[in-house]
Amino acid sequence: MPNAEHHPRVGLFVTCLADMFRPSVAFATVRLLEQAGCIVEVPEAQTCCGQPAYNSGDKKTTQEIARQTIAAFEGFDYVVGPSGSCIGMLHYYVDLFEAGDSWKQRAEDLKARAFEITSFLIDVVGFDKISASFEGSVTYHDSCSGLRQLGVKQQPRTLLGKVENLELKEMEEAETCCGFGGTFCVKYPDISNRMVSNKTEYISNSGARTLVGGDLGCLLNMAGKLKREGKEVEARHVVEILAGMCDEPAIGEADYDLAKQL
Amino acid sequence: MQIKSPDFKKNARIALQDVGLQKALGNLKAGFPVKRSIAVDRMPEFEDLRDEARDLKNHILGNLDIYLEQFESKVIENGGHVHWCRTAEDAQKKILEICQEVDAKTVTKGKSMVSEEINLNEYLEANGVQPIETDLGEYILQLREDHPSHIIAPAIHLNLEDVSEAFHKHHKRPKSDDPAVLMQEAREMLRKKFVAADVGITGANFCVAETGSTIIVTNEGNGDLTQTLPKTHIVVTSIEKVVPTLEDMTLFLRLLARSATGQEFTVYNTLSTGPRREGDQDGPENFHVVLVDNGRSEMVGTEFQDMLRCIRCSACMNHCPVYGSVGGHAYGWVYPGPMGSVLTPQMIGIEKGGNLPNASTFCGKCESVCPVRIPLPKLMRHWRENEFEKHLTPSAARYGLAGWAFFAKRPTMYRMLSKTSNWFLRTMAGKKGKISKLPLAGGWTDFRDMPAPSGKTFMQQWKEGQR
Ligand code: SF4
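So the sequence lines, in the order shown, correspond to chains C and Y. Under this note's numbering, the first sequence has 91 at position 91, and the numbering climbs by one with no breaks. Under this note's numbering, the second sequence has 171 at position 171, and the numbering climbs by one with no breaks.
Among the hints, erroneous ones may be present.
Unchecked claim - Derived CB-CB ranges, DEER-like:
1) 172(C) to 43(Y): 19 to 29 Å
2) 95(C) to 41(Y): 31 to 41 Å
3) 165(Y) to 128(C): 34 to 44 Å
4) 4(Y) to 123(C): 42 to 52 Å
Since the hints were made in silico from the structure, they are not lab data. We put the CB at the ideal spot given by N, CA and C, even for glycine.
Let's have the full structure, built from the sequences with the hints guiding it.
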């Protein structure tokens with residue numbers, strides 16, 4: 001691995017939701033990676049990780065998307081993204097191919113290089129020199145795939161601990177699913193609604209002013225519910241805080257006409 | 001039991017509005033998971049035992065025929081009988097036949113999910129044999145003509161008021177809402193029935209190949225009376241319950257109690273080894289084991305084999321946020337929760353059970369607590385694949401997916417799609433930052449706002465050189 005020691009070359013896995021809903025999350029990820037000494041590139045050939053197809057039982061489409069993603073990120077020392085769920089999906093690619101298929105080996109290789117951002121910073125490059133400040137209290141929601149598949153639990157908390165003035169107030173049931181579940185939330189809206197309602201109650205009981213998490217799907221779900229319920233809690237992706245990029249209004253807020261943005 | 005799984009969505013909606021049920025489910029959440037976690041914390045080797053149990057189960061499943069035959073020959077050696085039943089109907093008939101041989105009028109029953117699976121009670125009743133449930137929860141359900149909603153706490157969907165109501169109606173005694181009084185009442189009612197029963201039917205948590213024993217674990221002791229007092233004891237169980245040795249059994253018992261109720265050991269662990277022998281003080285004269293297959297052997301060697309490791313501890317449902325929201329009845333058949341979402345499609349067909357493996361966020365909590373490490377989400381996904389291959393996925397979802405896939409496989413076009421959707425959502429949101437009503441996305445906006453994109457797509461901005 002050339003450069004890997006000092007300046008690893010990292011391919012950013014943008015994720016669909018960061019691309020479409022909250023570019024600042026991808027920009028913040030880039031900034032953190034660069035602060036950690038990485039050279040960041042954004043491969044053009046990436047789209048979605050394929051999770052919608054995988055979880056709908058469409059294995060063939062998933063394989064096609066997997067091959068495209070594997071190819072797009074070959075040659076990078078690491079592949080990093082701001083989502084445990086999407087990176088977790090990249091790890092699942094190995095299950096899509098039979099032993100002996102050369103794609104299986106390539107999928108294994110991708111898996112070994114693919115990391116969720118907070119876990120990459122702590123576990124891979126050992127970077128925790130966060131130079132950000134955040135006024136107020138936050139509570140952290142552990143998104144399911146990051147937590148149970150990738151073991152992301154302490155890493156974001158360690159990093160948040162380095163943010164000046166920030167106070168972490170843990171909520172009850174931080175590890176309980178928020179009810180997003182990709183297409184689940186529209187396929188089973190009533191159940192999803194119950195789950196997210198439980199969650200927003202835990203969030204507001206924590207007394208924190210800001211909800212923080214590592215996956216935009218869950219954050220859009222919880223922020224949307226908090227807004228609908230008129231709760232005063234705002235929601236942000238953890239990287240926005242860590243990169244000191246909180247100028248942008250929180251998720252679901254705006255102080256300008258979005259239609260005219262940029 | 002009537003299959004209501006195809007109506008899962010409707011069942012769930014009704015369950016979510018059922019105030020009593022929601023209260024009961026709240027109690028469940030505050031109970032079993034907390035107790036499990038305390039018990040697990042007290043046992044440092046718990047995770048190692050899970051690995052051991054998984055490996056042992058895999059070994060058993062790879063040698064199922066050998067252990068089952070060993071079990072059979074031991075039962076026969078002990079003076080008992082083994083009946084192999086491929087289908088639920090075979091098992092019903094066999095059990096009725098045994099009951100009729102001894103001219104049984106009433107049979108007492110210990111708790112058994114396999115007997116639910118083969119719809120035994122209805123069948124016996126229709127053929128002139130009266131089954132009497134002796135597990136307190138099951139007894140309450142029988143009075144209410146209800147079915148279990150949980151595999152170890154069958155009446156978990158009920159509250160004290162419901163029990164008090166049912167007892168008052170059927171026992172014709174003054175109404176009480178004191179659990180101790182209700183318990184005493186049930187005891188008195190059941191005692192007479194224990195003595196009068198001609199046959200006792202129990203399930204089995206495990207079948208031990210080396211000794212030909214079956215074991216039930218209970219916290220009420222009702223199982224002991226059910227199986228020792230009547231002349232005939234029928235064990236109805238399924239083929240994957242076999243374990244090689246007594247020592248192996250204890251490994252599972254340690255995991256089972258902790259995973260289920262957080263107990264270190266269940267209160268009554270009752271082994272049955274053949275009928276009464278010369279000089280025995282008590283015990284049945286006839287001992288029968290009805291071994292039910294009902295689709296299980298078809299799972300061996302397939303992607304669903306892992307499911308056969310299940311020891312029916314209920315941890316997966318106790319920790320499942322979907323089960324915790326809608327309860328067990330919404331699943332529409334015998335086995336609810338994550339384990340049911342894998343098992344039910346196998347037993348009633350994916351055509352009828354298809355909703356169950358879909359109604360999961362794949363949060364993975366179930367797998368994280370399963371004592372035998374069954375990858376439940378993965379198995380649910382296999383059912384979705386199975387559905388997809390059979391073209392059973394609803395057409396709207398199918399077309400939606402195909403449309404999306406067309407773009408996802410073409411990066412340049414995908415970029416255009418993201419750009420257009422991003423622009424559309426921003427236009428809908430205007431100055432508000434969120435959208436309260438979005439055409440075709442009612443599933444989302446009926447319940448929550450849709451946060452709007454905060455600007456152009458990242459890919460657009462990145463290309464424009466933004467940082
Ligand atoms: S699937 Fe696992 S957790 Fe669920 S009942 Fe079976 S053994 Fe217990």
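Hint by hint, here is what the structure shows:
| no. | hint | result |
| --- | --- | --- |
| 1 | 172(C) to 43(Y): 19 to 29 Å | holds (24 Å) |
| 2 | 95(C) to 41(Y): 31 to 41 Å | holds (32 Å) |
| 3 | 165(Y) to 128(C): 34 to 44 Å | violated (60 Å) |
| 4 | 4(Y) to 123(C): 42 to 52 Å | holds (47 Å) |
In the structure shown, a violation is registered for the earlier hint numbered 3 alone.
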